[in-house]
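Asks: Spelled out from the first residue to the last, the chains are:
2 protein chains.
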Amino acid sequence: MKIKHYLLTLFLLLTTQVYLSAKALNSWKNGSSKQAIIEFVETAVDPENDGFIPESERIAVFDNDGTLWAEKPLYFQALFAFDQIRSMAPEHPEWQTEEPYASILKGDIEGALHDGEEALIKLVLASHSGMTTKGFQDMVGDWLASATHPTTGRAYTEMVYQPMLELLDYLRANNFKTFIVSGGGIDFMRVFSEAVYGIPPEQVIGSRVRADYTLVNGEPVFHRKAELGFINDKAGKPVGILEHIGRRPVMAFGNSDGDFQMLEWVTAGEGPRLGLLVHHTDEKREWAYDRESHVGSLNRGLDEAAERDWILVDMKKDWRRVFPR
Amino acid sequence: MKIKHYLLTLFLLLTTQVYLSAKALNSWKNGSSKQAIIEFVETAVDPENDGFIPESERIAVFDNDGTLWAEKPLYFQALFAFDQIRSMAPEHPEWQTEEPYASILKGDIEGALHDGEEALIKLVLASHSGMTTKGFQDMVGDWLASATHPTTGRAYTEMVYQPMLELLDYLRANNFKTFIVSGGGIDFMRVFSEAVYGIPPEQVIGSRVRADYTLVNGEPVFHRKAELGFINDKAGKPVGILEHIGRRPVMAFGNSDGDFQMLEWVTAGEGPRLGLLVHHTDEKREWAYDRESHVGSLNRGLDEAAERDWILVDMKKDWRRVFPR
Numbered sequence: 001m002k003i004k005h006y007l008l009t010l011f012l013l014l015t016t017q018v019y020l021s022a023k024a025l026n027s028w029k030n031g032s033s034k035q036a037i038i039e040f041v042e043t044a045v046d047p048e049n050d051g052f053i054p055e056s057e058r059i060a061v062f063d064n065d066g067t068l069w070a071e072k073p074l075y076f077q078a079l080f081a082f083d084q085i086r087s088m089a090p091e092h093p094e095w096q097t098e099e100p101y102a103s104i105l106k107g108d109i110e111g112a113l114h115d116g117e118e119a120l121i122k123l124v125l126a127s128h129s130g131m132t133t134k135g136f137q138d139m140v141g142d143w144l145a146s147a148t149h150p151t152t153g154r155a156y157t158e159m160v161y162q163p164m165l166e167l168l169d170y171l172r173a174n175n176f177k178t179f180i181v182s183g184g185g186i187d188f189m190r191v192f193s194e195a196v197y198g199i200p201p202e203q204v205i206g207s208r209v210r211a212d213y214t215l216v217n218g219e220p221v222f223h224r225k226a227e228l229g230f231i232n233d234k235a236g237k238p239v240g241i242l243e244h245i246g247r248r249p250v251m252a253f254g255n256s257d258g259d260f261q262m263l264e265w266v267t268a269g270e271g272p273r274l275g276l277l278v279h280h281t282d283e284k285r286e287w288a289y290d291r292e293s294h295v296g297s298l299n300r301g302l303d304e305a306a307e308r309d310w311i312l313v314d315m316k317k318d319w320r321r322v323f324p325r
Numbered sequence: 326m327k328i329k330h331y332l333l334t335l336f337l338l339l340t341t342q343v344y345l346s347a348k349a350l351n352s353w354k355n356g357s358s359k360q361a362i363i364e365f366v367e368t369a370v371d372p373e374n375d376g377f378i379p380e381s382e383r384i385a386v387f388d389n390d391g392t393l394w395a396e397k398p399l400y401f402q403a404l405f406a407f408d409q410i411r412s413m414a415p416e417h418p419e420w421q422t423e424e425p426y427a428s429i430l431k432g433d434i435e436g437a438l439h440d441g442e443e444a445l446i447k448l449v450l451a452s453h454s455g456m457t458t459k460g461f462q463d464m465v466g467d468w469l470a471s472a473t474h475p476t477t478g479r480a481y482t483e484m485v486y487q488p489m490l491e492l493l494d495y496l497r498a499n500n501f502k503t504f505i506v507s508g509g510g511i512d513f514m515r516v517f518s519e520a521v522y523g524i525p526p527e528q529v530i531g532s533r534v535r536a537d538y539t540l541v542n543g544e545p546v547f548h549r550k551a552e553l554g555f556i557n558d559k560a561g562k563p564v565g566i567l568e569h570i571g572r573r574p575v576m577a578f579g580n581s582d583g584d585f586q587m588l589e590w591v592t593a594g595e596g597p598r599l600g601l602l603v604h605h606t607d608e609k610r611e612w613a614y615d616r617e618s619h620v621g622s623l624n625r626g627l628d629e630a631a632e633r634d635w636i637l638v639d640m641k642k643d644w645r646r647v648f649p650r
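Respectively, the protein sequence lines represent chains F and D.
In terms of the numbering used here, the first sequence opens at residue 1 and continues consecutively.
In terms of the numbering used here, the second sequence opens at residue 326 and continues consecutively.
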């Protein structure tokens, strides 16, 4: 009788938990990816389990472009930069002939980016500096409120992944602290991270330009300079995490080789660890790309995910839906 | 009857609150400093009040040296650096004749620091780089566990200010997020900030050396370089806060002119703001110093605190006790 009662309680407890988890991750199809996430979290919060993780150590880091929101045809922040270059052009007559600006003004993005990352950094620096931090963030806010994606016509903040929003909520409900760790600009992401992802600015880590603190007419302002302060990508991601968080997270989520070192560091730690890569396999609902893509290229991660015991999410098979609506 | 009942409830509510607050800040003598802090917090958490602050905006920043723990006869981290220089000396025979190392090895700290900040930075870089971050933090942990203060004989982590520990607790009990914003080394402070102040590593902002992420025998490590990455002092403090937190705090606590710009920025914001400087006035229980001190010099803050409406804590008069025991 006592045992029966115990078993019943256990049964109810387990089914309730599974039910709640399943509901929380409603846009994830049942399968090994979802199962692995749930098992990790249920183990982490169970003080009786060897895999228990104290709350202060429950830190989960998320790449942004291609992991929390889309990144095709090009990083959204680059599209923002091009729009800014266009609207700043009247004050820069020299851009009509100077590359990569001239190509952007002619609408030739491919031509502008022909020389690779260096051209992109030039365009980002030109469009992201010379103003105050507040001025910059107002520009970003205005752009996000009005610009739409070139192929879907959605607002950019609606091109976030519903399954990842549910995952963020699920982790926070289990007292994980969620951070963004992105190659994107820290002040760019902070404009929308709290409203869109529920991630406050102090939990956003990204690339940055240098900024100076000065007084203008007695008012303190931060002036953004056309100088890179930090590139939070590849081996820079663990460094950015070390600077901002100061300890090794237990979960890491990414989608490209830019996230490799972050996952490598996180999953090399002692105790329970979870690394996950989103594989873009869904040419109908989103995009299908990996090794050859000029954004979010995934080579080494694809080769080594299995041996490293990282979860490889198959967007087409693992996600019931991609975007919120 | 109804009004009587209402007044009684109000009376009980008010006296309970004041009692709880007074108890929370037990080492603060009743007076204008304590009263201003309590009024600010009680207003901030009252949704009916114009001074209400939403939880996400309740961010309080604290300097460390001279604000949370003592800084005499010299910043404790500098004393750590000197001890490290001494123990590293056998591997550096050139230090026997090279300044400022030679003076340190002869026990002549004053001589070593004769040339000011530059010598101190040299000594800190020499003793804080060349190892992994974990190796460095183990060194700090060992030192903190064994070293004692030259005049009080206490462990350094026992030279924290009891009234400030109570203040940290009081603010957190009212859902303020507490951060350290110090000129001291970020990786140095993170060794003890959680255990001593209840402040987790991700809420510690400080100066830093550059670090590289690399693999050593397949294990990810961070290698500390003899290069300054950031100096989180004076106008660097607002910049450090902007990088790490990404928004303006509502409360700032310091004790020296190194905190001036931090208080300036914080208290220039709209809505309710609180800036506070600890004035070291207690030559018996701690130290008495301000304008002429070579550590924690307070000049401009002393001149402008009143006009800027910053609280100037008189350690001797405002604090019932200084150290925990």
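Don't take each hint at face value.
Capping the alpha-carbon separation at 20 Å, the derived lysine to aspartate or glutamate pairs in DMTMM-like fashion look like this [to be verified]:
hint	chain 1	residue 1	chain 2	residue 2
1	D	K559	F	D142
2	D	K459	F	E270
3	F	K177	F	E292
4	F	K177	D	E416
5	D	K559	F	E48
6	D	K502	F	E270
7	D	K354	D	E491
8	F	K177	D	E491
9	D	K447	D	E416
Here's a subset of chain F near chain D, in silico, CB distances under 7 Å, partners left out [stated by the list, open to error]:
hint	residue
10	R190
11	F192
12	V221
In case anyone wonders, no lab produced these hints; they're calculated from the structure.
We put the CB at the ideal spot given by N, CA and C, even for glycine.
Asks: Please work out if K502 of chain D and E270 of chain F have their alpha carbons no farther apart than 20 Å.
Replies: Measuring from Cα to Cα gives roughly 29 Å; hence the hint is violated.
Asks: For the pair we were handed, K177 of chain F and E491 of chain D, check the Cα-Cα distance against 20 Å.
Replies: violated, 25 Å
Asks: Let me know if the C-beta of R190 of chain F comes in closer than 7 Å to any C-beta of chain D, holds or violated.
Replies: Holds - the Cβ of R190 of chain F comes within 7 Å of chain D, reaching about 5 Å at its closest.
Asks: Hint validation: F192 of chain F versus chain D, beta carbon distance must be below 7 Å. Holds or violated?
Replies: Since the shortest Cβ distance to chain D is 12 Å, the answer is violated.
Asks: For the pair we were handed, K559 of chain D and E48 of chain F, check the Cα-Cα distance against 20 Å.
Replies: violated, 48 Å
Asks: Need the status of pair K459 of chain D, E270 of chain F: alpha-carbon distance at most 20 Å?
Replies: holds, 14 Å
Asks: Can the restraint linking K177 of chain F and E292 of chain F be considered satisfied, given a maximum Cα separation of 20 Å?
Replies: Outside the cut-off at roughly 34 Å; violated.
Asks: Does the alpha-carbon distance linking K177 of chain F and E416 of chain D stay inside the 20 Å limit?
Replies: violated, 43 Å
Asks: Hold the hint about V221 of chain F up to the distance rule: shortest CB distance to chain D must be less than 7 Å.
Replies: violated, 9 Å
Asks: Please work out if K559 of chain D and D142 of chain F have their alpha carbons no farther apart than 20 Å.
Replies: violated, 33 Å
Asks: Quick one, are K354 of chain D and E491 of chain D close enough, alpha carbons at most 20 Å?
Replies: With a Cα-Cα distance of about 13 Å, the restraint between K354 of chain D and E491 of chain D holds, given a limit of 20 Å.
Asks: Need the status of pair K447 of chain D, E416 of chain D: alpha-carbon distance at most 20 Å?
Replies: holds, 17 Å
The structure does not agree with the numbered hints 1, 3, 4, 5, 6, 8, 11, 12 stated previously, though it agrees with the rest.
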